[in-house]
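Q: Each chain, written out:
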Amino acid sequence: MSDNTYVLEEGANFQYLDPQIEYFAYDNGIMLNVYESLLWWNGTNTATPIPWLASNMTEVNPSTYVFGLRQGITFQDGTPFNATAVCFSFDRDLILDAAQPTGVGTSSGWIIEQLTNTSLFSFYGASPSHSPAWVDQVLATHFCQVLSTYKVQINLQHPTGAFPIIMAGVGWGSILSPSFVIAHDDPAAISNGVANFTAYFDHQAGNGTTYLTLHPGMAGTGPYEISYVNPTTYEVKLTANPNYWGGPPGYQFGRINPSIKTIDFLYVSDPTTRILDLKGGKATQVAIPSPDIFSVLSQADYNANGSYISATPGVTTIGPHVYYNTGWFEFNINVTNNAGKLLTFQPFADKRFRLALSDAANVTADVDSLTYGLDEPANWMFPPGTLPSGTYNPTATPSWSYNLTQAEALLKSACSNPLTTFNFYNGTKIPAGVINNSCSGQTISLYYQNSDVVTEKILTEASANLNQISAADNLGLTFTVVPVPAGTLYTLASEHQIYGYWAGWLDDYNWAIDWTGPMFSSTGTYPSWSQWNFTLWNNLVGQAAKADQTGNTTGILAVTNALGNSANQADWFWFQEYALDFHFISTWVHNWTYNAEYVPDQFPYFAIMSFGPPSS
Amino acid sequence: MRIYEYIIRRSVLLVFVLVGVSLITFYLSRGIPSAFNPCAPYINPKMTPEVIHNTCASHGFYQPLYLQYFYWIRDVLSGNWGSAGTWANGQPVYTVFASRFPYTVELALSAVIISVVVGLPLGILSAVHNNKPIDHASRIVALTGISTPVYWFGFVLQLIFFYYFLQWGLPNLPNQGAVSVGAPTIQSYTGIPILDGLLNGNWSFAWDAFLHVILPSITLAFASLGALTRLVRASMLEVLKQDYITLARSKGLSERVVVFRHALRNALIPALTVAGLLFAGLLGGAVITETVFNWPGVGSLSVTAVLQGDSNFVMLYTLVTALIVVVANLIVDVLYAVVDPRIRY
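Keeping their order, the protein sequence lines are chains X and V.
Residues 7 to 622 (this note's numbering) are what the first sequence spells out, left to right.
Residues 4 to 348 (this note's numbering) are what the second sequence spells out, left to right.
One chain only, chain X, in its complex shape (with noise of 0.2 Å):
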């Protein structure tokens, strides 16, 4: 291993290196590291955001903040960090609109939109002309005002106990060098050596190039900059700062400076490739599937204790520690075929089935086989962790449990007295005769993301016990398990035409309205694709959010655990598992950070690591 070199071997590639277009948890990894943000974490403190390239926040009112800025600060390319980078940041965020390269909500821009005019942004529903009047429209919110060289105003048309949070975030709350990143999306916006801001925005409005998102960059102020990209075998390599600005005082690992010279990101697809390479010296850090772990962990130590004890020798592991990250089975109601006509056969309409299905696989065993407690069952929606303190409830008893007799019973009964009418999604009853539950010669099709190995198990274990139950109480019901790319998965879960699928939650930010909103309201993501529409959770997801908005952390907690036990009653979500983090690095790397708030925490903080003889 080189002196200067982390080796870092992945199974995934990077997707783009843009902080604002990226929206992927590789690409947060190596963003973390390149740019920053006013707020950030005091190293493993996870509670509370600490001025960073701030040196001051002042909520003048919740709708108000005023930050101070640190001075001396330089971006990589030279050039100053001060309020117009700052607010041009922001802008551009905006301007994007979450809209391209890829689409909308395939970048994190709308976690700052949320913030202000939503009425102005496509990830809200508007269709934005894009035009320069738009962008005109866009800049006039006044989300970020330069009041001073040193000094910037965040005014929020939505008040928010999340605001330090979302401020302290990677990717949407980076600040970027203005001259670096026009001279790169739009060099003919420079005139006589000084950026145009307005011609730039009105080109990226709605354009979709943007040249950060693939090459080299010296637009961050981070403490690593992206020396060198290939797009074909998606190597990236960071090489470190030399005119890093230290970080804050009074940051836990004192002043910042680099070490490590050099991280390089490689990806190699195969996990017996990385951990050879791991065993080999040639790589620092790789990631090795749960179901490998023993190919560098002691199995015997596992098996006596439960323990994690590495079996290699020059490799130690870290954790496992939160991730917050939720995965569940989702059911779907009035679905529909291809042409849009509706099923006759409605079965999770009908809570008997739902339970069946919930209560027909062992989710503790099936977890901890392949993941050897590096997932955790979860007994409801919110993972340890999730802030506001208290949110994640560990005494929440979900309705199902490992239970075939009781599988069996209700199956029974769903096929005996099947269900005859339901809700259509707004509300009206369906029409008698239109739905008919009787299980003769049905066939429910549980979906799945491929690759998914835990969830693959959950359900064909629950698939298989329920088949056998049809099969001897001659209910002539079949369950088959469907692996589909996780687009495809999407595709015909959002246009409900497939009765259940897995789904899972990773927390853009930790705070618990980031999870009410898209797993509760109707308009969210998941009852919108699932057709759920309970006024008893819109009602609770109003009242969220205005508790967020007055900072009543009390009523965000009332009402966490009302949408949770709600849930769980009435068997809306099988909760599955939460995943955890785990590392697998060479014994010479001393002082791995872990700190919850980077999301997710798959990758460390390099600038604050060294290289040195194994401790004993």
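In short, the hints are calculated from the structure, not lab data.
The structure displayed is predicted, hence computed values, not measured ones.
Check each hint, because a few of them may be wrong.
Derived lysine-lysine pairs resembling DSSO-like cross-links, with alpha carbons at most 27 Å apart [as the list claims (entries may be wrong)]:
#1 X:Lys357 <-> X:Lys418
#2 X:Lys435 <-> X:Lys357
#3 X:Lys347 <-> X:Lys435
#4 X:Lys243 <-> X:Lys285
#5 V:Lys49 <-> X:Lys552
#6 V:Lys135 <-> V:Lys254
#7 X:Lys463 <-> V:Lys254
#8 V:Lys135 <-> V:Lys49
#9 V:Lys135 <-> X:Lys347
Add chain V to chain X, keeping to what the hints say.
A: Same frame as chain X, but now just chain V:
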């Protein structure tokens, strides 16, 4: 028919073959409901149904299939094969394919060279020493090559020549990639690392690239040299029974002259066919070998594209592979006629 007339006729037929392949591939990619959703690469779970619908509509995926095919053909003929999804950074599909194809060419060529260099002499020796120990040994090698799972063999080579050689303090071979991490960036003329190294006059780069191709090409070659060996052996045995060989021997010619000057040329004709088709097949990408050795070729790329449901890439890949196979067949047939004057079309 003269040979050039034959070539022209086959070239015209080639167009029909490609149209047929494109129709089948297009239908399989977009025409079968729920199978291969062309919108899949553009979708993520943060989107509402309206946004998903608008995204798919903006790419034309709700139009009638025949219209979609027409627009696709129009775009392809103007050089636009569409964009890959985020899995390939949203780059144009053609760019993604073209950047990886030279690596597949390098690997395929290396594997074929090893197959021919090893398989040919082995087959000849086998035939000349029929039913003797060397023939039996050759048979064992050939059958082992055909029977051994590629994935396992590749991993074993990595384990021995990369990992254990390192543990034993011996110079070891690289286990993955086409060049070393940290290799200098050089001017790319062909995209093939060894060739580009030589063309740049950068001998260490070329040598590094050569070391990297050793293990994956041996893995690939081992599977195919068995078939080649057995074919050469059978062909040689057949030729060695011919009357003109008996005549040559009765004239007092040495066995060496009989084999290499009289028998070999005719015995090589089927081997030429196999080698040509083998190369064409490998140009489609050796999926498992490329995955095991993290070789940046089109084989491993195609797997990712399929798993991501990226129909744009799959259609390009299928058409190019069909083109390669058809052209390779044509070249082999032409060479067949050149080598054997008895062949007429």
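Q: Each of the hints needs a verdict: does it hold here or not?
A: To see whether the hints hold, each was checked on the structure:
Between X:Lys357 and X:Lys418 the CA atoms are separated by roughly 13 Å; this keeps the pair inside 27 Å, and the hint holds. Note on X:Lys435 and X:Lys357: the hinted pairing holds, with a Cα-Cα distance of about 17 Å set against a maximum of 27 Å. A threshold of 27 Å between alpha carbons decides the hint, and for X:Lys347 with X:Lys435 the separation of about 17 Å falls inside it, so the pair holds. As the CA atoms of X:Lys243 and X:Lys285 are separated by approximately 22 Å, the hinted pair is consistent with the 27 Å bound.
A threshold of 27 Å between alpha carbons decides the hint, and for V:Lys49 with X:Lys552 the separation of about 23 Å falls inside it, so the pair holds. Between V:Lys135 and V:Lys254 the alpha-carbon distance is near 26 Å, which keeps this suggested pair within the 27 Å criterion. For the hint pairing X:Lys463 with V:Lys254, the CA-to-CA distance comes to about 73 Å; that exceeds 27 Å, so the pair is violated. Taking the CA atoms of V:Lys135 and V:Lys49, the gap is near 69 Å; set against the 27 Å cutoff, the hint is violated.
Restraint check for V:Lys135 and X:Lys347: not satisfied, since their Cα atoms lie roughly 73 Å apart, outside the 27 Å limit.
In terms of the numbered hints stated before, the structure departs from hints 7, 8, 9, listed from lowest to highest.
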